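Letter by letter, the chains look like this.
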Amino acid sequence: DAKTTQPTSMDCAEGRAANLPCNHSTISGNEYVYWYRQIHSQGPQYIIHGLKNNETNEMASLIITEDRKSSTLILPHATLRDTAVYYCITRGGSNYKLTFGKGTLLTVNP
Amino acid sequence: DAEITQSPRHKITETGRQVTLACHQTWNHNNMFWYRQDLGHGLRLIHYSYGVHDTNKGEVSDGYSVSRSNTEDLPLTLESAASSQTSVYFCASSVMISGYEQFFGPGTRLTVL
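Heads up: the sequence lines are chains A and B, in that order.
Those letters in the first sequence? Residues 1479 to 1588, per this note's numbering, in order.
Those letters in the second sequence? Residues 186 to 298, per this note's numbering, in order.
In case anyone wonders, no lab produced these hints; they're calculated from the structure.
All of these numbers come straight from a predicted model, not from anything done at the bench.
Keep in mind that the hints are not guaranteed to be accurate.
[Unchecked claim] Using 30 Å as the maximum straight-line C-alpha spacing, the simulated DSBU-like pairs for lysine-lysine come out as follows: (1) A:K1575 with B:K242; (2) A:K1547 with A:K1580; (3) B:K196 with A:K1575; (4) A:K1481 with B:K242.
So that you can see chain A by itself, here it is in the shape it has in the complex (with noise of 0.2 Å):
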């Protein structure tokens, strides 16, 4: 699985959007980039996925570049509820395990 790049810590506004980039330049071609976020002392949640296209759902959009280097997870209007750690994972094939980074801790101000 590719290595991903994430920055070590973001802030956000309440009620604005929170863009958190993610770099993974060297991802192949069958492989998926994932988003999972970990509130504090939970198990990790699921966001999205996605291969080539962007994607949308309830919680947040991935935008993933054509060269598909890095993305982007949007969430569009961002709530205290949404302080986590953020996860970008690649994983890709027969290959169903997910290698963990740092990730990056999103804190959302009043």
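Dock chain B against chain A, hints included.
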């Protein structure tokens, strides 16, 4: 509703004792995983299974074992608990289809004295 549960949620044990942490899922998922989480290390994979009677070592498997006798359960055993195994343990499961997410349990906080 389908779910994934872990028990116990908290456990205190002594060095050298055998400990078993339970993980049970009702989604009928083929894939099951055990992770540990420590400050400064994030989540690290201990063992995983892609089906009944299948088990595989992850990146930090020393001192741990698992067995998969049915689809629903993947118990994690610490053969002889060590203080270095004090951690929070998470179990997860997923379907055997490319692109599907892992669902995580609530975690077990284990303290080895």
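How the hints compare with the structure:
no., hint, verdict
1, A:K1575 with B:K242, "holds (11 Å)"
2, A:K1547 with A:K1580, "holds (19 Å)"
3, B:K196 with A:K1575, "holds (27 Å)"
4, A:K1481 with B:K242, "holds (20 Å)"
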